[in-house]
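Take the sequences, apply the hints, and build the full model.
Chains as they are written, first to last, in the working numbering: chain A, 139 to 327; chain B, 3 to 195.
There could be a bad hint or two in this list.
Said to hold, decoys possible - Quick look at which bits of chain B chain A covers, simulated, 3 or more residues with Cβ under 8 Å:
hint: 1; region: 13-22
hint: 2; region: 50-63
Unchecked claim - With a Cα cut of at most 25 Å, we get these calculated SDA-like pairs of lysine to any residue:
hint: 3; chain 1: B; residue 1: Lys-10; chain 2: A; residue 2: Arg-314
hint: 4; chain 1: B; residue 1: Lys-10; chain 2: A; residue 2: Ile-322
hint: 5; chain 1: B; residue 1: Lys-10; chain 2: B; residue 2: Ala-34
hint: 6; chain 1: B; residue 1: Lys-10; chain 2: A; residue 2: Ile-289
Note that these hints are calculated values from the structure, not bench results.
Quick reminder that beta carbons are idealized off the backbone N, C-alpha and C, glycines included.
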Amino acid sequence: MERTATKPSIESEIESGQPGGGAPPELDEIYRQHHQRIVRLCRMMLSDADEGDEAAQEVFVRMLAQRRSGVEPAQWGAWLTRVAINACHDRRRSGWWKWWRRDGRELVDSDLTTYRDAEEEAITHEQGAAIWRGFSALSPRQREVFVLRQIEGWPTREVGAALNLTDQAVKLHLFRAVRRLREILRSER
Amino acid sequence: MNACLNEKELTRLFVSDAAEMPAARAHVAECAACASRYEEMARDARIIAGTIASAAASRATLQEYTAKRAVDGWRSDRPYARVAGWFAGATAFGAAAAIATMLALGWRPARSPQMASALPDVAKTAPVAYAQDQAGRITFDPISAIAYDEGGSAAAGSGDAIFTSYSGDDGNLLFCAPGDDSGMCAPTAGNRG
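If you want it as structure tokens, here you go:
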């Protein structure tokens, strides 16, 4: 299967599940289908490339363990997303000191497929860096909510369920994140 | 709702679900100015989301941004890190200043007051102790920690011990005073020597 540049949503993944009890997909196929998205998700959640990559590896290790356990999730995409969120939570809780670590690994040009659009092309390198810095400076909750709501396209209720937040809390975090990031974008224009 | 939405209300509308804030939605649908501002907000959100997603998808871009952030971090991104840095710096400076002050006042780390007062006594008494030693009154064997009497026989054998040492079960060095034959110091205990 070729890598796709489209942004898979949680709804489409649920719809593409196999409720009819067909043959479970091969692990290799699941990996190729979701690897890019999970890596990107973890990097955004942790706002760090190295930490995100390690968290994504953990996710796929758990996928192997889940397959070996014989209990097959109804939708692997949704399952992987939830596991990724939990893995990022665990990693942040246990390794807060790693925030001080700023010497990344050697650069490996393993760029994932992006989905830039015409609007984004207008963003200069400096603006992009400023936006990323502003995003990284958000609280972890604000980052998670922004990623799941605005980038992954999840509805408010699902975001709340995944992060164990009320709908109002989700909206409040998103409100603050959007205001802060817009301020940064405006100041860079 | 007739009045135009301010920035805060517009953002609240943007983050709300479709069924919420019907009056505000109706206003935006009718007011061209608010509709334009709302569209601008949605466009900004798309740009931001796209930029973040693209950065996260590209390791090279992310590393570049992160490296830049590390330079700028002390200025803006991590106020807690800045506070921690100030605190650590102030602590180090305070410790250095305290040590410098103590040195200036004459304090020397190698000699505590007790040691400084004790050293002259040792210097005075050492020759006397050596002379007594030579006279054969008491001889100390530093290796076995056994005291000998004038006759030179070991205390463990003769029972004339001034001090007799033995090692207890836990390996600690213990001492029996002369005439103390009770308990662990009893001659039959097998601990002497």
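Consistency of the hints with the structure:
no.: 1; hint: 13-22; result: holds (count 6)
no.: 2; hint: 50-63; result: holds (count 14)
no.: 3; hint: Lys-10(B) to Arg-314(A); result: 10 Å, holds
no.: 4; hint: Lys-10(B) to Ile-322(A); result: 16 Å, holds
no.: 5; hint: Lys-10(B) to Ala-34(B); result: 18 Å, holds
no.: 6; hint: Lys-10(B) to Ile-289(A); result: 22 Å, holds
Hint compliance for this structure: every hint is met.
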